[in-house]
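Chains as they are written, first to last, in this note's numbering: chain B, 290 to 522; chain A, 197 to 753.
Simulated from the structure, these hints should not be mistaken for lab results. In this text the structure is predicted, and so the values were computed from the model without any measurement. Among the hints, erroneous ones may be present.
[Said to hold, decoys possible] Only some residues are given here: those of chain B computed to face chain A with a beta carbon under 7 Å: (1) 301; (2) 311; (3) 315; (4) 316; (5) 326; (6) 329; (7) 330; (8) 415; (9) 418; (10) 444.
[Unchecked claim] Straight-line C-alpha distance at most 27 Å; calculated DSS-like pairs for lysine-lysine: (11) A:486 x A:749; (12) B:351 x B:438; (13) A:709 x A:492; (14) A:486 x A:552; (15) A:219 x A:749; (16) A:321 x A:219; (17) A:219 x B:299; (18) B:299 x A:728; (19) A:749 x B:299.
[Claimed, not checked] So these bits of chain B aren't anywhere near chain A, every CB distance computed over 12 Å: (20) 299; (21) 328; (22) 366; (23) 402; (24) 423; (25) 436; (26) 441; (27) 485; (28) 509.
The beta carbon of each residue, even a glycine, is placed where N, CA and C say it ideally should be.
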Amino acid sequence: MSASHGGVLKHHFEDIEQQRSSERIGMWMFLASEVLFFGCVFFAYTYYRYLFPHEFAIASSKLNVAIAFINTLVLLTSSLTITLAIRACQLGQRKALIATLGATVLLGFVFTGFKAYEYAEDWHEQLVPGTRFNEEQFRDVKSPIDPTKEIHVDRIKLFFSFYYAMTGIHMLHLLIGVGVVFYLFARAVYGNLTPERYVAVETTSLYWHLVDVIWLFVMPLLYMAGPHTSLHF
Amino acid sequence: MSVASVNELRAVPDESPKEVRHKSYLEEGYSIWSWLFTVDHKRIGVLYLVTVFGFFLVGGIAAGLIRLNLLSPSGAILDNDTYNKVFTAHGVVMLFFFLIPSIPGILGNFFVPIMVGAKDMAFPKLNIASWYVWMIGAAFAVWGLLIGGIDTGWTLYPPYSTRSSSASVLPGALGVFISGFSSIMTGLNIIVTIHKMRAPGMTFGRLPLFIWAMYATSLIQLLGTPVVAMAVLLMIIERATGLGIFDPTMGGDPVLFQHLFWFYSHPAVYIMILPGMGVINEVITCFSRKNIFGYKAVAWSSVGIAVVGFLVWAHHMFVAGISYYAALLFSFLSMLVAVPSAIKMFNWTATLYRGKITFEAPMIFALGFMVLFTVGGLTGLYLATLGTDIHLHDTYFVVAHFHFVMVGGMVVGLLAGIHFYWPKMFGVMYSDFWSRFAAVLIIVGYALTFAPQFYLGLHGMPRRYPNYPPEMRVFNVASTAGYFVQGVGFIMVATYLILSLINGKRAGRNPWKATGIEWATESPPVLHNFEKTPVVVCGPYEYPLNVMQTGEKADVR
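Looking at chain B on its own, in the form it has when it is part of the complex (with noise of 0.2 Å):
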């Protein structure tokens, strides 16, 4: 190995482990932000909710939770192979590298696929506000809580208003992520991905767990709030 690790040393670092630690705390702070950045739309979710169980217990029972199980399987899978990926690029065995991060970018796919049949499902079912949102579904319906409350449809929206923004905005950070992973892999194919730059993993790898676990806070917030009675695909 060359002095300058194979030209992975920037010229603005005294040595490897300093620009691989500075790497690694950048990625942790970008975490934190985002955090925060999930953390408001969490916290005003959550007042809705206390505010309104009823109307949000009545708007979850529509979701599909089946699909949202799965899509949890999924990420918690693909956070598996992207740790891994990890693991095969620092042993520098590159087909299982190229194995894992494809298997990554593939489980992305799968879980962005199962989340637009739910969006054209909930199209279908006019649940979205303001564009196509049939209020008749809701005239009848009992709260499950407590069936003599009086149900606001209105509330109902807020509900949907905070499930698109929500998952909507997951699943930009996911394509992000499957982007940024697509990217190591079409370097793991070219044979750039050498072991000096195994940060690179390292470090999408914290970004895809993080949006993972973001999905492990949306799931049950959104989906769990009412009974699922039936299934239905």
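Mind docking chain A on chain B? Use the hints.
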């Protein structure tokens, strides 16, 4: 002896680089592309310098329109709608495109790597990206201001901003949203640089206090900005799609937006003041030839302001219907911020005590900062007090208070920093006489502009109104006069600084005989800041010992 070895002996002195003068960062390239595609933190700092002061001019012109309109009790030049748009333009431009990126963008980018003894920021490409993102955000905001203007005030409160306002709120809000990312990028870069790029011997206890202040600022940028980004994004979604997130007619709560907005925007006022305080540490010690009094107290008070600053936001909502108990708590916490601010003020005063004080332009600005910021800070306590705030809320008292802090604090702090570091940034000195004269003029102009507004606010003149009762005219005229005094001062500053670039005399490495590590390199610095990695042997303010951080004598120019 063979011929070859003789040649080798002769060749040795020629290869010695002892007398070679290295190119400064300004001489690395002269084309426009060498500036626009640079990743050198110093050039990025200069890019910020030019653009930030461009926006200062725009915001300043808007301020002038406001002041001119208030010359007459019924509004002198603008109709009411235009007045709304002008004060919004003033607020948006000054806050998001001048104050927030000012010292972090200019002096932070330029001096954080030099003052920790590094070759560059940890992430140079992210650094230039932050400038471009900021410019894209600025382009959106300027577009919004040009195609119709925004009339919501810089706070963008819904439901007015999402439902009623017919003005171009969307591009303006998008501009604020996008420029926020730039702020996060700069903050992240500075934090990692301070943690990871320090030169040998540069421990946290030897960091210049400017670096501590920038660290605290960056923490706020990193952790506060994403919250306002999400709040503004939800507001944009509501306005663009008709969903009801903050709309009370659809079950939403507009006060929630205020909470989320101020959760960032109150800490953001510390983004706007902490770097100014950081500069003051450097200037006060240098021109009183004293070590800082209570280094640790000043350093930790910066962090204290950043932390406590996150816990006070709801004092903006004392009259917006929050619970009395919450108001009581936030009133108490707001007063708590005064403690670290006062620690700084007392320590600076103690630093001045029995110092050999000289009154160069940076020092005049620094002393002006201390006076104006103290007035601004103490009047803040009136507003933190629940009972008095109910009377003073949304009056000119508030306007005067935050202008004393923001303008009297940050702008004067920025000018102190620019004047202090100008010889290091460009290697030239500006006119001594004119700079002192302009400094006095600007400080007097500030006091004249904003002191009458305390009186106006105390007597009930609401902010953001285009007209007022005739009895208040004399104070408004005095305030407008102050604006023009400041304006003359700024024109003078711009003139002599630009002239110094053309024919200023060479500054040399250390024109102020200062002890910080940044004065141990060339003026202007070379591409990698130092000829070789510096080794730090002592703290940053060893003026009594006359020793620089690198161990050299400070008074050898």
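Hint by hint, here is what the structure shows:
For residue 301 of chain B, the interface hint holds, since its Cβ comes within 7 Å of a Cβ in chain A; the closest pair sits about 4 Å apart. This hint holds: residue 311 of chain B has a C-beta 4 Å from the nearest C-beta of chain A, less than the 7 Å allowed. With its C-beta approaching chain A no nearer than about 5 Å, residue 315 of chain B sits inside the 7 Å limit, and its interface hint holds. Given hint, residue 316 of chain B at the interface with chain A, is violated; its Cβ is 9 Å from that chain's nearest Cβ, farther than 7 Å.
Satisfaction of the interface hint for residue 326 of chain B is found here, the shortest Cβ-Cβ separation to chain A being roughly 3 Å, below the 7 Å cut-off. Nearest Cβ of chain A to the Cβ of residue 329 of chain B: about 4 Å, under the 7 Å cut. The hint holds. At a threshold of 7 Å, the smallest CB-CB gap from residue 330 of chain B to chain A is about 5 Å, leaving the interface hint in force. Contact between residue 415 of chain B and chain A, as hinted, is not supported at the beta carbon level, the nearest pair being about 15 Å apart and thus beyond 7 Å.
At a threshold of 7 Å, the smallest CB-CB gap from residue 418 of chain B to chain A is about 6 Å, leaving the interface hint in force. The criterion of a C-beta within 7 Å of any C-beta in chain A is met by residue 444 of chain B, whose closest approach is roughly 4 Å, and the hint holds. Between residue 486 of chain A and residue 749 of chain A the alpha-carbon distance is near 15 Å, which keeps this suggested pair within the 27 Å criterion. In summary, the hint linking residue 351 of chain B to residue 438 of chain B is supported, as the alpha carbons are separated by about 19 Å, within the 27 Å threshold.
Of the pairs offered as hints, the one joining residue 709 of chain A and residue 492 of chain A holds, with about 24 Å between alpha carbons and a cut-off of 27 Å not exceeded. As the CA atoms of residue 486 of chain A and residue 552 of chain A are separated by approximately 8 Å, the hinted pair is consistent with the 27 Å bound. Using a Cα cut-off of 27 Å, the hinted pair residue 219 of chain A and residue 749 of chain A holds, with the two alpha carbons roughly 25 Å apart. Taking the CA atoms of residue 321 of chain A and residue 219 of chain A, the gap is near 22 Å; set against the 27 Å cutoff, the hint holds.
Between residue 219 of chain A and residue 299 of chain B the CA atoms are separated by roughly 21 Å; this keeps the pair inside 27 Å, and the hint holds. Distance restraint check for residue 299 of chain B and residue 728 of chain A: the Cα-Cα separation of roughly 17 Å lies within the 27 Å cut-off, and the hinted pair is therefore satisfied. Between the alpha carbons of residue 749 of chain A and residue 299 of chain B the distance comes to roughly 33 Å, so the proposed pair goes past 27 Å and is violated. Annotated as non-interface, residue 299 of chain B brings its C-beta within 12 Å of a C-beta of chain A; the closest such distance is 8 Å.
Non-interface call for residue 328 of chain B relative to chain A: violated, since the shortest CB-CB distance, roughly 7 Å, does not exceed 12 Å. Listed as a non-interface residue, residue 366 of chain B keeps its Cβ farther than 12 Å from every Cβ of chain A; the least gap is roughly 28 Å. With 12 Å as the threshold on Cβ separation, the claim that residue 402 of chain B sits away from chain A holds: the shortest Cβ distance comes to roughly 24 Å. With a minimum CB-CB distance of about 16 Å to chain A, residue 423 of chain B clears the 12 Å threshold, and the non-interface call stands.
At roughly 20 Å, the least C-beta separation between residue 436 of chain B and chain A is larger than 12 Å, which holds for a residue marked as non-interface. The claim that residue 441 of chain B is not at the interface with chain A is violated, since a C-beta of that chain comes within 12 Å of its own (minimum 6 Å). Here residue 485 of chain B stays apart from chain A, with its beta-carbon at least about 19 Å from theirs, past the 12 Å limit. With 12 Å as the threshold on Cβ separation, the claim that residue 509 of chain B sits away from chain A holds: the shortest Cβ distance comes to roughly 20 Å.
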